[in-house]
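Chemist: Based on the sequences and whatever the hints tell you, model everything.
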Amino acid sequence: MTTLLHIQCSPRKQRSASLEVARSFIARYQANNPDTEIITLDLWNLALPEFDDLAMEAKYAGLNGTPLTPAQQDAWNTLKELASHLHRADVLVMSVPLWNFSIPYKLKHFIDLVSQKDILFSVDPERGLEGMLHNKLAVVMYARGLDFSAQSSTPAERFDFQKPYVEAWLKFIGVTDVHSVIVEKTILGEDVDRRAREDATLQARRLADSLSLTLPAPRLHIDSLQTEKLE
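Per full-length UniProt numbering: the sequence shown = residues 1 to 231.
Okay, the calculated beta carbon distance ranges per label pair:
hint, residue 1, residue 2, range
1, P125, Q151, 46 to 52 Å
2, A61, R206, 44 to 50 Å
3, N64, P164, 28 to 34 Å
Once the Cα atoms are required to be at most 27 Å apart in a straight line, the calculated DSS-like pairs of lysine-lysine come out as:
hint, residue 1, residue 2
4, K108, K185
5, K59, K117
6, K106, K59
7, K117, K163
8, K185, K163
9, K80, K163
10, K171, K108
11, K163, K106
12, K59, K108
13, K171, K106
14, K80, K108
15, K80, K59
16, K80, K117
17, K13, K106
18, K163, K108
19, K106, K185
20, K80, K106
21, K171, K59
22, K106, K117
23, K80, K171
24, K117, K171
25, K163, K13
26, K13, K185
27, K108, K13
Read the hints as simulated data drawn from the structure, not as lab findings.
Ideal Cβ placement from N, Cα and C applies to all residues, glycine included.
Modeler: Spelled out as structure tokens, the structure:
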């Protein structure tokens, strides 16, 4: 069985363009692969913990090889439990709107929590930093209100800190097979918005068909993380 994790990054549940396109992709993907298990991680309905003093102390204790106190271990286990969703998934689907030319703060919060040594990356004395999420597929749906074409007043080359950031993070944690669908111009009128969503939905369905043809055989899930259940 294949496990697909959908990370929802928009609070606009019914009107979100990124969610609409992501759901179209997931529906087609599951139709092509009926044994797929769908797990949703809604960052807006998830009580993300603060990266507070205890978590920071646990981080640096781990970096220095110092044993963690029981309180630090509890804080660290919470981060490991969050990251375990990523470890268990074969396919990562992210629906990411653009906020102020970048990503929503909830997604940044999540990334800051889980991107830790020996959770999502390791440190090799010779090779340096190495991501720990291997043999995974990522599909990211990006939504943008404006026109980010080269001839626009907001060309992606200068104003897009959304897609480059997400893809750099995915590569950093070991996910190199990354695909994307972009829906933009969503605030430039109802007709423009509708056409943009329709075009992106068609792209998403075609991508799901294409990926289903090249889907690797499901792998056994062996959790390397010792986790505790989040309250």
